[in-house]
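Going line by line, the protein sequences match chains X and U. Per UniProt numbering, the very first residue in the first sequence carries number 1; after that it's consecutive. Per UniProt numbering, the very first residue in the second sequence carries number 1; after that it's consecutive.
By construction, these hints were calculated from the structure, which means they are not laboratory data. From the three backbone atoms N, C-alpha and C, an ideal C-beta is built for every residue, glycine too. Be a bit skeptical, because a hint or two may be false.
[Stated by the list, open to error] Partial selection, computed: residues in chain X whose CB lies under 10 Å from chain U:
1. Ile3
2. Ile7
3. Ser15
4. Leu38
5. Asp42
6. Ala44
7. Pro45
8. Ala54
9. Leu56
10. Thr57
11. Glu60
12. Glu69
13. Met71
Protein chains: 2
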Amino acid sequence: MRIESEITECVAVLSMNEKTGWQKELNYVSWGGDPPKLDIRDWAPDHEKAGRGARLTKAEAKRLREALEEMDLED
Amino acid sequence: MRIESEITECVAVLSMNEKTGWQKELNYVSWGGDPPKLDIRDWAPDHEKAGRGARLTKAEAKRLREALEEMDLED
Numbered sequence: 001m002r003i004e005s006e007i008t009e010c011v012a013v014l015s016m017n018e019k020t021g022w023q024k025e026l027n028y029v030s031w032g033g034d035p036p037k038l039d040i041r042d043w044a045p046d047h048e049k050a051g052r053g054a055r056l057t058k059a060e061a062k063r064l065r066e067a068l069e070e071m072d073l074e075d
Numbered sequence: 001m002r003i004e005s006e007i008t009e010c011v012a013v014l015s016m017n018e019k020t021g022w023q024k025e026l027n028y029v030s031w032g033g034d035p036p037k038l039d040i041r042d043w044a045p046d047h048e049k050a051g052r053g054a055r056l057t058k059a060e061a062k063r064l065r066e067a068l069e070e071m072d073l074e075d
């Protein structure tokens, strides 16, 4: 089953796969005409295809930010 | 196709669905015996079932944190 998606705002590219050109992105995405939600997902270079991902409400994104800020993410 | 998953560390609960008890969580998860990666996903109360989600490397999580810090997530 294919659901129409529209990226209403590109927020950030989290990584890029040099071989395939696919990117993991943070965007605002509207799915099936619903109001846009924050969305973390892999996208094909032309954005015609997308992988699985996670959708976040503002409250969830805020909680995620707090959690990430408490983490040591240095290499 | 069912892939074995193991939550190796619970980092944060991002939200809880009062009706179903499902939670959106940030965890370190090992999939199919691979080294654990950061993982944002919905989980059933008993963690026996999971929804779709996003897996993040440390570098991606760091980039995500930076992007979220630039955003106004207040209501």
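Provide an ascending list of the numbers of those earlier hints which the structure does not satisfy. Checked against the structure, the hints that fail are numbers 1, 2, 6, 7, while the rest are satisfied.
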